[in-house]
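Colleague: Going line by line, the protein sequences match chains A and B.
Position in the first sequence (first residue = 1) + 25 = the working numbering.
Each step along the second sequence adds one to the number in the working numbering, with nothing skipped, and position 343 is 325.
Among the clues, some could well be false.
Stated by the list, open to error - Below, a sample of chain B positions facing chain A; criterion: calculated Cβ distance under 8 angstroms:
(1) T316
(2) S320
(3) K323
(4) L343
(5) V373
(6) G377
(7) G378
(8) I388
(9) Y395
(10) A398
(11) K401
(12) D406
Quick caveat, the hints were computed from the structure, so don't treat them as lab data.
Here the structure is a predicted model, which is why all the values come from computation and not from measurement.
Every residue gets a Cβ at the ideal spot worked out from N, C-alpha and C, and that includes glycine.
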Amino acid sequence: MRTYIKPAALAASLVLSASGAAADAIKPETMARNCFTCHGTGGHPVNGLAPLAGIDAKAIETSMIDFRNDRRQATIMNRIARGLSEAEIAALAQYLSTLK
Amino acid sequence: MSRETRRKFLIGAGAALGTLAYGRFAPAIAQGAAGRIVVIGGGFGGATAAKYARLLNPALDVTLVERDPSYVTCPFSNMVLGGTRTLADITHDRSGLARNHGVKLVQGEAIGIDAGSRQVRLASGQTLPYDRLLVAPGIDIRFGAVEGYDEAAAELMPHAWKAGPQTALLRRQLEAMDDGGTVIIAAPANPFRCPPGPYERASMIAHYLKTHKPRSKVLILDAKENFSKQGLFQGGWEAVYPGMIEWVSGSAGGKVSRVDARNRTLATEFGAQKGAVVNFIPPQQAGRIAIAAGLADDKGWCPVDPVSFESKQVPGVHVIGDAIYAGAMPKSGTAANSQAKIAAAAMVGLLGGKAADAPMLANTCYSLVGPDYGISVTGIYVATAEGIKEVPNSGGVSPARAAAAIRKQEAVYTDAWYKGIVADSLA
Ligand SMILES: Cc1cc2nc3c(=O)[nH]c(=O)nc-3n(C[C@H](O)[C@H](O)[C@H](O)COP(=O)(O)OP(=O)(O)OC[C@H]3O[C@@H](n4cnc5c(N)ncnc54)[C@H](O)[C@@H]3O)c2cc1C
Chain A
26 MRTYIKPAAL
36 AASLVLSASG
46 AAADAIKPET
56 MARNCFTCHG
66 TGGHPVNGLA
76 PLAGIDAKAI
86 ETSMIDFRND
96 RRQATIMNRI
106 ARGLSEAEIA
116 ALAQYLSTLK
Chain B
-17 MSRETRRKFL
-7 IGAGAALGTL
3 AYGRFAPAIA
13 QGAAGRIVVI
23 GGGFGGATAA
33 KYARLLNPAL
43 DVTLVERDPS
53 YVTCPFSNMV
63 LGGTRTLADI
73 THDRSGLARN
83 HGVKLVQGEA
93 IGIDAGSRQV
103 RLASGQTLPY
113 DRLLVAPGID
123 IRFGAVEGYD
133 EAAAELMPHA
143 WKAGPQTALL
153 RRQLEAMDDG
163 GTVIIAAPAN
173 PFRCPPGPYE
183 RASMIAHYLK
193 THKPRSKVLI
203 LDAKENFSKQ
213 GLFQGGWEAV
223 YPGMIEWVSG
233 SAGGKVSRVD
243 ARNRTLATEF
253 GAQKGAVVNF
263 IPPQQAGRIA
273 IAAGLADDKG
283 WCPVDPVSFE
293 SKQVPGVHVI
303 GDAIYAGAMP
313 KSGTAANSQA
323 KIAAAAMVGL
333 LGGKAADAPM
343 LANTCYSLVG
353 PDYGISVTGI
363 YVATAEGIKE
373 VPNSGGVSPA
383 RAAAAIRKQE
393 AVYTDAWYKG
403 IVADSLA
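Bound conformation, chain A alone (with noise of 0.2 angstroms):
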């Protein structure tokens, strides 16, 4: 019913980041939501984690590359980072900072 491309197809018509992502494919808002679960819808936290709306994009991409880096401590910001390339987290961060 469904046509799917075939995957080898697929594999020689993409730019693979370093994690391999499509470069570009994911939208930072996309990313985003994942963050509000615990840090609050629209990045805005209702249980005293911090918040990401409107935060310098410099310093969310410092701390999310330490996390994923394990140059920072944490129970859970570490895993969590290494599931997004240094890209992905860039676009994040400067779409986290135009949030209010």
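Given chain A's structure and the hints, the job is docking chain B with the ligand onto it.
Modeller: Positioned in the frame of chain A, the structure of chain B with the ligand alone reads:
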């Protein structure tokens, strides 16, 4: 593994069908104003989807149909059994969805879907027309799948796998039990709702017994050979409840073939096991509306497109949460909340004539081993040509060895996660 995510390849015929079907609404859609979304089921999946659909396009008409007047969450229901929470603590109303987001709330049970004329039928006789439908009914118990376990048996041997009266019944049985008794928890084969749930439950029941009935024990009879966060749970049990919790794998006699609810007895290949209290967690399937509407396959779960969460069996209908095959994602509240945002964006896009964006999904399951002892498993997921896969080298479980302060910190974050997801889904 290739992490191909571009929906233009994956979405294939589904999107094409969607756009075709909406061809006659094209002028209204072009203004970005038209479109009726109906959501069946106001749990972590459906409530989140209804809210985010309105956040993404406030011009949309979004109606949420839900059977129950309030949402009693399964997350933290094990803490009700352990005595550190009350049922009131885990009962939430959905009025914020209407007040804050303009979602139309309809209390009632959906009993049929006519995908041809795009209408949902309610038990009341009312019909709700839709342009895109999202179905998030959670699970139903497969009564009768294990001999002797029917609705009447569940009143004697609660499953408590839907939170509410069943949770209260199991709690009352634990309170009434004499010190020195054995509580049996029977855990099902995969797949089932909340893979770490039975083991968190064993932990919380052990917490109650340790503080109130210290000569009692917990026996887990498992249909499986291994379970979620097994090393962390077993390490935690050793540390917090030494000698109190015994786990029996399927091949070692854990597989239950028949239940005798009246005598609180379970038959296994290695003989009968009788408990002072028995919590029987039965096999499950997608909520019955999904089955009635032809959304599920013959195993009882719903195949969906991993990019748009549109049903592979019924066009124009999206399915999320516990009811679906979600590839590498478990059946969890966090997974349902994450899938909801992807499905909401896909529906909003499709109503405007745009194909769904490439998804990124997340799961986190916290579990309490003790009130001050939290552990977690987390994962980030993407869509590939083979379905939903975890991003390699990411996610995973809490460290096998950690200071008590770290476990305590995770217990604090367990609470933060709960407050967070309840607000993100319902407020
Ligand atoms: C003991 C236990 C502990 C758990 N702990 C966790 C945890 O810590 N973290 C976690 O992430 N997950 C946890 N879970 C799993 C979590 O509860 C589920 O994965 C989650 O609820 C799935 O969301 P859903 O929206 O798919 O279904 P549900 O939450 O079940 O919501 C479905 C809703 O649809 C309604 N409905 C169904 N059919 C109809 C119909 N025909 N008409 C109208 N309404 C209908 C139901 O009344 C219900 O409100 C736990 C589960 C259990 C059992």
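Colleague: Would you mind marking each hint as holding or not holding in the structure?
Modeller: Here is how each hint holds up against the structure:
Proximity of B:T316 to chain A holds as hinted, the smallest CB-CB distance being about 6 angstroms (cut-off 8 angstroms). At about 6 angstroms, the closest approach between the beta carbon of B:S320 and any beta carbon in chain A falls short of 8 angstroms, and the interface hint on this residue holds. Hint status for B:K323: holds, given a least beta-carbon distance of 4 angstroms to chain A, under 8 angstroms. Taken as an interface hint, B:L343 checks out: its beta carbon lies about 7 angstroms from the nearest beta carbon of chain A, inside 8 angstroms.
This hint holds: B:V373 has a C-beta 4 angstroms from the nearest C-beta of chain A, less than the 8 angstroms allowed. Evaluation of the B:G377 hint against chain A yields a held restraint, the C-beta minimum of about 5 angstroms falling below 8 angstroms. The restraint placing B:G378 at the interface with chain A holds, with a minimum CB-CB distance near 6 angstroms, inside the 8 angstroms limit. Nearest Cβ of chain A to the Cβ of B:I388: about 6 angstroms, under the 8 angstroms cut. The hint holds.
Look at B:Y395: its Cβ gets to within about 6 angstroms of chain A, closer than 8 angstroms, so that hint holds up. Residue-level restraint check for B:A398 holds (minimum Cβ-Cβ distance to chain A is 4 angstroms; threshold 8 angstroms). With a least beta-carbon distance of about 4 angstroms to chain A, the hint placing B:K401 at the interface is held under the 8 angstroms criterion. Evaluation of the B:D406 hint against chain A yields a held restraint, the C-beta minimum of about 5 angstroms falling below 8 angstroms.
Hint check: no violations occur; every hint is consistent with the structure.
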